[in-house]
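Participant: Residues per chain are reported as follows:
Number of protein chains: 4
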Amino acid sequence: MTDDSDATDPGAGGHSEADPEILAARVADGDLRLYELDDHADAETAATARRIVVERDTGVDLSATGDYTFAAESAESNIENLIGGAQLPVGVAGPVTVRGEAADGDFYLPIATTEGALVASVNRGCAAISDAGGATVRVTKRGMTRAPVFRVADVSEGAEVAEWVQDNEDRLAEAAEETTSHGRLQSVTPYVVGDAVYLRFSYDTGDANGMNMATIATRAAAEVVEEATPASLVALSGNLCVDKKPAAINAVEGRGHTVTADVTIPRETVEDRFGTTPEAIEEANTRKNLIGSAKAGSLGFNAQAANVVAGVFIATGQDEAHVVEGSNCITTAEARDEGLYASVNLASLQVGTVGGGTDLATQSELLDVIGFAGGGDPVGSNADALAEVIAAGALAGELSLVSALASRHLASAHEEHGR
Amino acid sequence: MTDDSDATDPGAGGHSEADPEILAARVADGDLRLYELDDHADAETAATARRIVVERDTGVDLSATGDYTFAAESAESNIENLIGGAQLPVGVAGPVTVRGEAADGDFYLPIATTEGALVASVNRGCAAISDAGGATVRVTKRGMTRAPVFRVADVSEGAEVAEWVQDNEDRLAEAAEETTSHGRLQSVTPYVVGDAVYLRFSYDTGDANGMNMATIATRAAAEVVEEATPASLVALSGNLCVDKKPAAINAVEGRGHTVTADVTIPRETVEDRFGTTPEAIEEANTRKNLIGSAKAGSLGFNAQAANVVAGVFIATGQDEAHVVEGSNCITTAEARDEGLYASVNLASLQVGTVGGGTDLATQSELLDVIGFAGGGDPVGSNADALAEVIAAGALAGELSLVSALASRHLASAHEEHGR
Amino acid sequence: MTDDSDATDPGAGGHSEADPEILAARVADGDLRLYELDDHADAETAATARRIVVERDTGVDLSATGDYTFAAESAESNIENLIGGAQLPVGVAGPVTVRGEAADGDFYLPIATTEGALVASVNRGCAAISDAGGATVRVTKRGMTRAPVFRVADVSEGAEVAEWVQDNEDRLAEAAEETTSHGRLQSVTPYVVGDAVYLRFSYDTGDANGMNMATIATRAAAEVVEEATPASLVALSGNLCVDKKPAAINAVEGRGHTVTADVTIPRETVEDRFGTTPEAIEEANTRKNLIGSAKAGSLGFNAQAANVVAGVFIATGQDEAHVVEGSNCITTAEARDEGLYASVNLASLQVGTVGGGTDLATQSELLDVIGFAGGGDPVGSNADALAEVIAAGALAGELSLVSALASRHLASAHEEHGR
Amino acid sequence: MTDDSDATDPGAGGHSEADPEILAARVADGDLRLYELDDHADAETAATARRIVVERDTGVDLSATGDYTFAAESAESNIENLIGGAQLPVGVAGPVTVRGEAADGDFYLPIATTEGALVASVNRGCAAISDAGGATVRVTKRGMTRAPVFRVADVSEGAEVAEWVQDNEDRLAEAAEETTSHGRLQSVTPYVVGDAVYLRFSYDTGDANGMNMATIATRAAAEVVEEATPASLVALSGNLCVDKKPAAINAVEGRGHTVTADVTIPRETVEDRFGTTPEAIEEANTRKNLIGSAKAGSLGFNAQAANVVAGVFIATGQDEAHVVEGSNCITTAEARDEGLYASVNLASLQVGTVGGGTDLATQSELLDVIGFAGGGDPVGSNADALAEVIAAGALAGELSLVSALASRHLASAHEEHGR
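Just so you know, the sequences run in chain order A, B, C and D.
Numbering-wise (our numbering), the first sequence opens with residue 295 and increments by one.
Numbering-wise (our numbering), the second sequence opens with residue 295 and increments by one.
Numbering-wise (our numbering), the third sequence opens with residue 295 and increments by one.
Numbering-wise (our numbering), the fourth sequence opens with residue 295 and increments by one.
Just so you know, these hints were derived from the structure itself, not from any lab.
Possibly wrong hints are sitting among the right ones.
Identical chains share a label here; the pair holds if one copy fits it or two copies do between them.
Said to hold, decoys possible - Cut-off 20 Å, straight-line C-alpha distance, at most; resulting in silico cross-link-like pairs (DMTMM-like, lysine to aspartate or glutamate):
(1) Lys435 <-> Glu520
(2) Lys435 <-> Glu472
(3) Lys435 <-> Asp671
(4) Lys435 <-> Asp498
(5) Lys435 <-> Glu451
(6) Lys435 <-> Asp332
(7) Lys435 <-> Glu395
(8) Lys435 <-> Asp461
(9) Lys435 <-> Glu349
(10) Lys435 <-> Asp566
(11) Lys435 <-> Glu454
(12) Lys435 <-> Asp351
Please read all numbers here as calculations on a predicted model, not as lab measurements.
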């Protein structure tokens with residue numbers, strides 16, 4: 295499938311359209327546009343033709359990009375103007391012991407990244423967590439949100455619309471849920487700002503990330519609002535959702551899964567695995583993750599949660615831009631007699647085990663490595679489990695990096711200053 | 295290279311270590327750890343052995359993951375515990391006309407994503423921009439930052455240290471720059487919070503993203519601070535950097551490249567390409583991107599900048615977790631007599647054309663598609679150019695999504711309500 | 295009452311304690327502490343004695359401070375260690391026409407301030423609003439919040455506590471409402487962060503600001519939580535309330551009253567009263583209040599809402615430190631054919647018409663000037679009315695300042711550059 | 295002066311304008327407007343006339359409001375439409391020992407407030423600080439800012455303007471400093487967002503708060519920008535200043551004075567004065583002020599800094615709306631063997647000892663109580679000293695409230711649960 299020479303059917307003689315060279319030439323002649331190629335050939339051939347066009351336009355050899363594993367057709371719902379595949383190295387961290395409600399056991403964490411030392415760092419944290427008996431993890435909130443913005447005549451009308459919405463959540467739920475088999479409307483929260491009304495719809499979307507489900511369902515509900523009230527829809531997303539922006543509303547109220555993980559690591563394990571003390575880790579965490587972040591005006595109070603979220607997201611077919619909200623994480627660390635207590639709170643982790651990129655060849659394998667591909671039983675339990683495992687991974691990354699910062703300092707202080 | 299059967303040397307008889315099956319068995323027996331495999335085999339073989347281990351532990355077939363294009367050794371600085379490759383479909387948007395200082399011409403945007411409709415959306419925006427003569431783009435600030443935190447005795451000592459630092463920036467620059475051939479220390483800004491002093495070092499890092507360069511240089515400078523003052527280093531990163539967290543300091547002061555792009559699209563082009571009006575786009579932008587984001591407590595005032603940033607970052611070997619800061623984008627739109635004026639301001643776009651994942655097989659090809667792989671002449675011009683092209687792509691994505699929201703509404707209003 | 299010579303009872307002969315000079319001497323001798331004076335004399339005499347002490351310690355003549363109008367005893371619930379009164383000049387703006395649900399009519403705005411031009415500025419805005427038929431105002435949310443933080447064993451226990459709270463809101467309401475005749479618990483929202491659980495209690499507090507009511511009621515509810523669950527109270531306020539800090543949770547979800555006001559000012563009125571155009575005001579508002587604030591990482595998207603809030607708060611006995619949350623205001627402006635549409639959204643305006651400083655001599659008069667002193671009928675309507683009038687005042691301040699910025703520029707441009 | 299009967303000159307027969315009754319009647323007849331009264335009478339008489347108008351319009355007796363101490367004329371630069379005085383009770387906390395650079399000694403803190411228990415709370419903290427030898431305090435940054443926004447043709451022109459500004463700071467300084475005898479331009483920082491350029495001017499304003507000085511100086515500098523570049527001024531304040539809004543730019547970079555205070559309180563003192571332990575205080579501070587604030591999306595990481603700032607600001611004639619930025623405070627607490635280390639960092643405390651309301655009768659007395667009224671020697675040292683004393687007071691308030699929260703819990707736990 296990844297062999298360009300197979301992309302055209304040599305026996306298909308007269309079907310000149312299926313010849314990528316000919317297709318590429320038609321594009322070069324201005325006879326076709328790149329995105330029209332899918333109408334004239336199968337996905338694979340169209341991709342080959344595009345590669346030829348781009349190669350000729352830019353003089354770049356795209357043979358590695360053309361040498362991809364997944365079936366081009368399988369990606370049709372994921373991409374347009376396909377030219378091939380980007381390949382990121384995947385490393386595996388763990389296994390890490392997770393004591394969640396949906397995920398209970400030992401789990402490998404596949405991490406796709408190009409940042410050296412990241413997998414090793416997470417791996418070190420996983421080992422410490424597992425040594426300590428595992429991370430306790432809980433999902434405390436779920437809800438994919440979408441918040442259309444409506445125009446109203448004035449604040450008086452805005453207040454009436456807001457009140458109508460609160461009184462008619464049932465009608466909105468009915469309309470919204472007609473568009474989906476799994477989604478359930480959990481709540482609608484109105485915000486009036488001048489002559490604009492924002493309605494933040496929150497859905498339980500089962501095992502799916504749910505962005506599309508939420509958008510479609512909200513469109514239906516918005517129509518009901520428009521019919522029943524004087525409000526007029528301006529945009530189906532009014533940025534109170536908030537999708538892929540670093541926003542306090544998500545950090546405070548959550549979006550997707552809100553998940554918290556913690557562990558108490560015995561003092562000896564801290565010293566053996568991390569080469570430092572619970573006290574030094576607490577100090578580094580307080581000064582860096584709490585006070586430093588406070589001074590920076592940050593919504594993220596952590597060391598590298600985004601690294602773990604990004605690495606697992608790419609490996610398992612999640613939406614990579616949701617790394618933005620994935621960094622809304624608060625890390626705590628406290629030295630105790632028995633050792634180090636540490637936790638992470640990921641306010642807005644947006645994951646799914648069905649849909650999105652989860653069906654692509656490598657992504658479905660790597661999701662399977664964690665063990666919760668596809669729909670869960672009960673519905674939603676697989677997405678919960680994935681969230682729990684990622685939270686444990688984020689905790690591992692935090693422990694490892696903060697302790698490295700703490701110990702590296704000690705080390706360098708010892709070496710260089712003789713203290 | 296991706297054929298497992300070649301991974302061991304059949305003629306190497308006695309080198310049983312190089313047999314992935316045997317290595318995998320040793321891991322299963324607890325004789326070796328996953329990460330120790332690199333000491334007993336070449337990168338490819340070690341990866342194969344790990345896949346075997348993981349496959350057996352989890353019962354998952356990793357053949358797609360094992361079928362990767364890049365050379366395993368080539369990824370050694372990018373990953374540990376390699377098990378294979380994650381493959382994301384790549385589509386191409388554009389070409390888009392860019393009128394930057396470093397990038398001037400027409401550029402394809404390779405986008406690696408699993409979110410359907412994204413490439414098509416950006417592509418539509420690129421066409422409109424190019425029709426309008428191209429996006430004007432400028433990099434207005436550069437600087438990779440690293441901010442260690444030090445402990446001092448009290449605020450009096452903290453104030454002295456801060457003053458010493460301001461008076462001795464030359465000494466710090468000298469120490470920092472000894473560690474790097476390209477990096478240049480631009481400034482050090484001290485922040486005193488109780489008995490903690492944070493020093494935000496900002497570097498010109500040429501064509502590299504510069505995170506590692508900044509870290510190493512700052513370590514050297516921090517040693518000078520420790521020697522010359524009573525301050526004691528607690529952590530080499532004190533979260534005033536801020537790396538991979540959504541923080542106001544980056545949105546305000548920038549990190550990496552601060553880059554702004556704009557375009558004026560003629561009224562007819564808006565109507566033809568987007569099926570709506572400049573006025574409707576301005577309204578949607580104001581209510582969604584400005585007021586909606588304001589009400590959400592957001593640091594991102596845009597529609598989907600993170601989507602474009604993430605897609606190009608993954609395709610071209612950038613650090614995927616830097617998507618977090620990449621979403622610190624303000625989008626403006628203004629209806630004028632002649633058409634629509636629109637702009638994006640990306641405060642903290644962290645890009646490089648050397649180092650990181652830019653040398654991997656597919657990434658280097660895709661970076662070449664844009665056209666600025668490797669070191670620039672003058673130094674830094676390639677990274678500038680990449681930032682400019684991404685900014686133009688982000689502008690395309692904004693135009694396309696905001697106009698879609700505006701027109702979709704109009705459309706649905708027309709269809710369904712007869713208005 | 296403000297005459298020191300009357301402060302002691304000449305006929306009380308032997309009661310030497312009531313002689314402020316003697317009391318002051320005892321303080322100077324270390325025999326009494328300043329705060330113990332209230333145990334040895336009436337409030338007036340104690341204040342006089344303290345003034346003598348401070349005057350002697352500092353060499354400052356406090357005669358103006360000692361010449362206050364209110365009865366010292368009347369301030370006993372408002373102050374400790376009373377030494378006198380601080381007197382701020384009060385100006386009056388308006389009347390402004392308000393079309394609210396609780397306040398409908400023309401209202402003077404008493405403003406206590408030392409910032410020259412403020413009253414004039416608000417006054418100018420009031421005139422324009424009244425000319426245009428008045429500001430439409432609505433309170434869209436009410437709720438005084440208090441959020442204690444509890445310690446739990448781990449995230450598992452934290453999740454259980456959160457669930458228990460959600461299932462037992464009735465029990466918590468019962469306990470909370472036993473402590474108050476007017477307060478009503480509206481909701482409790484749990485947030486789990488590691489081994490901490492924050493419970494944000496929101497109360498309808500009628501016509502009172504309600505901070506104390508909320509604190510006392512929450513203390514009772516927290517005891518129920520401690521009795522029924524393993525959670526242990528760490529602090530009765532865990533800063534998710536959030537009181538007197540600039541926090542997104544208040545800007546997004548509101549605290550106290552969430553109130554929105556708007557007006558459409560005819561084009562001629564804009565030109566006559568403000569010497570500029572709706573278009574110039576819209577531009578200044580977009581570039582300053584929306585985009586400028588966005589770039590500043592601000593939670594306030596307005597020109598001077600805090601000025602109006604502070605001035606009316608001090609005049610009417612509100613808690614002056616609640617000006618912090620009072621600045622969480624979004625101002626919008628849109629040029630239309632008919633003129634200028636403008637609005638303010640004050641997310642967290644914390645007002646009361648009973649309790650706090652509302653009973654003090656000048657404050658009760660000035661609250662009466664607005665017209666809603668004391669408890670409302672129905673309960674809460676007076677506080678609503680005060681919020682509505684302040685919102686209209688804030689709108690006046692915004693209109694005036696933004697148009698001044700816009701026109702001053704035009705003016706200076708005209709004068710100096712001949713354009 | 296505060297006696298209305300003296301306000302008109304009975305012997306001035308024919309000067310009917312000076313009769314407040316007659317003036318009030320003319321206002322009632324629509325012959326005069328409230329603000330025109332100053333043209334027809336002295337300040338006192340005009341105020342009396344306005345009171346009569348308002349009394350008749352509202353039916354409210356304003357005799358307390360009319361009974362003020364300051365000279366009406368003395369408030370002419372502070373207020374318009376004067377009707378009288380608002381009187382707040384003032385209590386005194388302290389003395390507190392301050393070890394600052396500008397303030398070194400024991401200082402009373404006059405606090406004007408209507409919030410019961412505040413003065414007592416601060417007083418308790420002052421005593422503990424003094425017992426411990428005093429608070430160490432340092433001002434680490436000074437700078438009053440003003441940030442006009444300009445319109446440019448596009449980002450290319452914006453980048454040129456930004457560069458011109460950076461190259462011509464001297465010219466801007468010259469123009470700015472011509473308007474002021476004390477102000478000195480410290481820096482100009484440009485921010486380009488689309489076709490808008492924001493220039494953040496920062497001034498050393500000596501002992502004055504400096505808002506007006508900065509505005510006037512910036513106006514002059516903005517004219518130079520307009521003359522020398524194609525940029526066109528849109529608004530003299532573009533909200534990157536940021537004045538009286540809760541914004542990260544101030545919390546991070548400071549505005550006015552950035553001041554930090556700390557103290558180490560012996561373990562016994564903590565127990566005696568606060569009835570709790572350093573450990574309990576550290577825990578309450580971490581869970582409330584650091585983690586709770588983090589979860590709330592707050593820019594303030596403290597317990598009640600705004601209370602102290604507001605109380606002293608009102609007492610001493612500072613701008614009361616600057617309480618907004620005054621709440622940008624980070625409080626830290628750490629239990630150590632020897633006791634409790636605690637600190638406050640006030641990023642943006644805007645104070646002055648000249649100008650503003652500092653010359654009013656009660657305010658000048660109360661500023662004198664602290665001891666730094668008027669211009670300092672060297673210039674700026676009085677404002678520094680005031681900032682230092684307020685910071686020590688804020689620290690006192692933090693210690694007191696956090697320890698109260700911690701101990702109250704212990705107490706209630708002891709009483710009620712027998713633990």
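Participant: Is it within, between, both or neither when you check Lys435 against Asp566 at 20 Å Cα-Cα?
Facilitator: neither (36 Å within a copy, 43 Å between copies)
Participant: Between the shortest in-copy and the shortest cross-copy C-alpha distance, which are at most 20 Å for Lys435 and Glu349: within, between, both, or neither?
Facilitator: neither (48 Å within a copy, 33 Å between copies)
Participant: Between the shortest in-copy and the shortest cross-copy C-alpha distance, which are at most 20 Å for Lys435 and Glu395: within, between, both, or neither?
Facilitator: within (13 Å within a copy, 36 Å between copies)
Participant: Is it within, between, both, or neither for Lys435 and Asp351, if the alpha carbons may be no more than 20 Å apart?
Facilitator: Close neither inside one copy (50 Å) nor across copies (31 Å); limit 20 Å.
Participant: Please sort Lys435 with Glu451 into within, between, both or neither, judging by C-alpha distance up to 20 Å.
Facilitator: For Lys435 and Glu451, only the inter-copy Cα distance (15 Å) is at most 20 Å; the intra-copy one is 33 Å.
Participant: Checking an output row: Lys435 and Asp671, CA cutoff 20 Å. Within, between, both or neither?
Facilitator: Within one copy only: 18 Å inside, 40 Å across.
Participant: Can you give me the call for Lys435 and Glu454, within, between, both or neither, at a CA distance of at most 20 Å?
Facilitator: between (30 Å within a copy, 12 Å between copies)
Participant: Pop the pair Lys435 and Glu520 into one bin, within, between, both or neither, using alpha-carbon distances up to 20 Å.
Facilitator: neither (30 Å within a copy, 23 Å between copies)
Participant: At most 20 Å between CA atoms: does that hold for Lys435 and Asp332 within a copy, between copies, both, or neither?
Facilitator: For Lys435 and Asp332, the Cα distance exceeds 20 Å both inside one copy (41 Å) and across copies (41 Å).
Participant: If the cutoff is 20 Å on CA atoms, where do Lys435 and Glu472 land: within, between, both or neither? Let me know, please.
Facilitator: Neither. Shortest intra-copy (24 Å) and inter-copy (31 Å) distances fail the 20 Å Cα cut-off.
Participant: Could you figure out if Lys435 and Asp498 sit no more than 20 Å apart (CA to CA) within one copy, between two copies, both or neither?
Facilitator: within (10 Å within a copy, 26 Å between copies)
Participant: When Cα atoms must be at most 20 Å apart, do Lys435 and Asp461 count as within-copy, between-copy, both, or neither?
Facilitator: Between copies only: 15 Å across, 24 Å inside.
The structure does not agree with the numbered hints 1, 2, 6, 9, 10, 12 stated previously, though it agrees with the rest.
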